[in-house]
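Peer 1: Protein chains in written order, with the working numbering: chain A, 1 to 483; chain B, 1001 to 1483.
I should point out that these hints are in silico values taken from the structure, not numbers from a laboratory.
There may be inaccurate statements among the hints.
[Claimed, not checked] With a straight-line cut-off of 25 Å between C-alpha atoms, the simulated BS3-like cross-links for lysine-lysine are: (1) B/K1020 to A/K376; (2) A/K20 to B/K1376; (3) A/K79 to B/K1102; (4) B/K1169 to B/K1020; (5) B/K1079 to B/K1169; (6) A/K169 to A/K20; (7) B/K1079 to A/K102; (8) B/K1020 to B/K1079; (9) A/K79 to A/K169; (10) A/K20 to A/K79.
[Stated by the list, open to error] Here are the computed distance ranges between Cβ atoms for each label pair: (11) B/D1329 to A/S26: 34 to 42 Å; (12) A/D42 to B/S1467: 35 to 43 Å; (13) A/A168 to B/A1375: 26 to 34 Å.
Idealized CB from N, CA, C, for every residue including glycine.
One letter stands for each residue in the lines below.
Protein chains: 2
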Amino acid sequence: MSTATLDLTAITAAATEAAKVTAAASDAERASWLTAVADALDANVTELVAIADSETSLGTVRLTGEVARTSGQLRLFAKVITEGSYLEAVIDHADPTSAPPKPDLRRILRPIGPVAVFSASNFPFAFSVAGGDTASALAVGCPVVVKAHSGHIRLSERTAEIVSEALAKAGAPDGIFALVSGREAGTALVQDPAIKAVGFTGSIPGGRALFDLANSRPEPIPFYGELGSLNPVVITADALAERGQQLAAGLAGSFTMGAGQFCTKPGLVFIPAGTDFAAHLAEASKDKPTAAMLTERIAEAYPDGLRNVADQPGVAVVSGTVQQDSLADGAAPVVFSTSAANVLERPEELLEECFGPTTLLIEYANQDELAAALAKVPGSLTGTVHAQPGEDVSALVEQLSGLAGRVLFDGWPTGVAVNWAQQHGGPYPATTSLFTSVGATAVRRFQRPVAYQDAPETVLHPALHDSNPLGIPRRVDGVLTLG
Amino acid sequence: MSTATLDLTAITAAATEAAKVTAAASDAERASWLTAVADALDANVTELVAIADSETSLGTVRLTGEVARTSGQLRLFAKVITEGSYLEAVIDHADPTSAPPKPDLRRILRPIGPVAVFSASNFPFAFSVAGGDTASALAVGCPVVVKAHSGHIRLSERTAEIVSEALAKAGAPDGIFALVSGREAGTALVQDPAIKAVGFTGSIPGGRALFDLANSRPEPIPFYGELGSLNPVVITADALAERGQQLAAGLAGSFTMGAGQFCTKPGLVFIPAGTDFAAHLAEASKDKPTAAMLTERIAEAYPDGLRNVADQPGVAVVSGTVQQDSLADGAAPVVFSTSAANVLERPEELLEECFGPTTLLIEYANQDELAAALAKVPGSLTGTVHAQPGEDVSALVEQLSGLAGRVLFDGWPTGVAVNWAQQHGGPYPATTSLFTSVGATAVRRFQRPVAYQDAPETVLHPALHDSNPLGIPRRVDGVLTLG
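Chain A on its own, in the form it takes in the complex (with noise of 0.2 Å):
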């Protein structure tokens, strides 16, 4: 199916006149919407998980899982705009005292209007066609057009159609979300004039140059894309003294869940010179199943991407086996292993994201190797530490901090909670921007703010009435209360 140039243009328009309904929409109203559509994906949970394993491999248990995060993420953002902090409204009453005197001012966050989402491969429901991106964009009240990806597309179109009649029986205006696909659609929809913001989950190569369309309009526009991330997880040398067996145990089942294709998969792992572990990992890794990779595309550049890293000196296999070439046998997890000095040597043909299931070890012969290895780390989703109660990892940290937008202590970084603490971003290339694809503050991308000068309170939201009607917190003359 590809959509074609005057559809596009069709749908995006249809999307800039739903928008003012949805920008003139109530946070109750729009909050229903998406409790409309969480319900309807539950309801369709079976039908759609089966569709989605038959595409995606991923399995019924996994899949089963992610529709009720997609239905949690929806009814979260429902409960995030029903709070009502979200609109950050600010009222500075005038004070004619001052030199110059200062008006009336009042500030509120608007939507920003008919936002494009691009789905992943490796979520075919949290960030796919109902995903984050869309849940937060609807929840501010902008129209969405989302582009399939290519891996599920009976999927995209089936809960398309779900999201569809929801949205229409819970009483949303007409535009306010369709699904189109093929490269070229993708391609216009970044172009099209009525597109205000893009939220983009994807590959590096792919991201970027969506990311550079963005930027090239003669209106620019955010482009909001999650690209690549490493992961970095460093292990102290008393951690792995402590527990290097339960280390190894818990690395492994991080790197091959869901066949490595996870946005946080640890694909770096830092470790002291000469010890056992990475004995200790090829033995939990050795019994991990193969699995059948997301698509063809991606499982045909999995063996390349393994050659790539054994081709380069001064690397080891720990275990499994680089040679992969029989698809049909399905992915299974291999481990490299080499030296901080060898990446310091080769940080660019080293540190390269390999989707699939395996990681690197890299032994640090002490803190300033590790220091200064990590510092060729590129910008990632998350960083994590393994270490002792009572070390000093401070200055591990605040490295972390400067790289990564998580920074885990004694987990694995698979598995993102859908919270209001959460920040699934990070540097460049893990993120494009310094907002969240995931958690309650994701729908600040869709926001543009508007201030209001002397403005009569009948043309004022009513977030910025001075009765606060809607009971929502607010900053009032510097002050911030709780409504």
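Once you've looked at the hints, dock chain B against the given chain A.
Peer 2: Showing chain B alone in chain A's frame:
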């Protein structure tokens, strides 16, 4: 003066070192640095204003006021960081009962790193060396490298000396602040890997070139540019009938203020067709004195801009002289008029910013024509409505909200209050981001969220400790608390 590349590398390396100290400094410390700079500016106001006047011809009254605004701005940001909301501290405690179990997650905004600030020509204090961009970056812990504007180099250097000395005396680290000058230094700054964000105030061509440069870096960085704005004003028939002369006087004062070199100058004024407003405005404008322009380049561009408008079919000169080629006499006010129908016919030619004391009256035949012509106006910093009490202007306000960052009622857009509710930014080309460059929330441009998962309290920022030792507003388990 021009800054050699070698110097620049040393400067940004020092900024990177300083960033570690500024990020670790407490809010109280950083607030004291800002206050020290504010005090130093105020203490040197006479000397600074004298230099500024000799370089910009803006006059001592205006410039003295601008110093007060600039030091007041520094003090506002000291207040903002002391209040603590700007950290957006969020704590979600672990929930082992949820499926999957939720970890303890705590999110905070951290400084993005060294920031490059490009000064503006038209506000030698408030949007320059120690202006809003610098103040907001320093406030949140980002070192600043300022690119001086060539229109007031001596002032920039003297201000930088005062700022550097005040920061050093107050205990701020070496490398926290530097000044560079010359076009090549500016270009190199935007491309320097140590620079993590850019603040810019200037022209559309210059700003767009740097925006493109920032986005084409191997690691793109946010470019917060304020580029150009037409600031449309709409006057209703009722308002005109009731107080036409008063409106003409107000408009004449606003469009000629500072020789029309304000980014919020009302450049387009929509009025009902067939009134005597143009005559009133001609009368009100005729005695406005000529004024020297900020720089030779701006002075030379003004008559060119006037001719561009005058040469369009359907444009009449209401008052003033288009031929102003004797720069020695200064710039004289010129008022043009045309019809909304003509704007619809040649929007690109007529809807272009002309820096200087000129404005274009646009006569609309009816509301539909007004709406259609307004729809052609590019993104603006402000949009203004003059209406009578009780008139239904909701559709107009909605339209202006879509094209501007600040919507004013019965006032004039020149003059920008510095407070919590201010929004100085609008859709492109007014600005290149969803943020403001004036007011409390300007700090958010230079902050990056980081979440800490299951972290021991010893490595966490005090804002994220359970006991809330800083006593600041936070969101805990979804509930906003005042601290």
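Peer 1: Run every hint past the structure and note whether it holds.
Peer 2: Do the hints match the structure? See the list:
no.	hint	verdict
1	B/K1020 to A/K376	holds, 18 Å
2	A/K20 to B/K1376	holds, 18 Å
3	A/K79 to B/K1102	holds, 18 Å
4	B/K1169 to B/K1020	holds, 19 Å
5	B/K1079 to B/K1169	holds, 20 Å
6	A/K169 to A/K20	holds, 19 Å
7	B/K1079 to A/K102	holds, 18 Å
8	B/K1020 to B/K1079	holds, 23 Å
9	A/K79 to A/K169	holds, 20 Å
10	A/K20 to A/K79	holds, 23 Å
11	B/D1329 to A/S26: 34 to 42 Å	violated, 58 Å
12	A/D42 to B/S1467: 35 to 43 Å	holds, 40 Å
13	A/A168 to B/A1375: 26 to 34 Å	holds, 29 Å
Hint 11 from the earlier list is the only one contradicted by this structure; the remaining hints agree with it.
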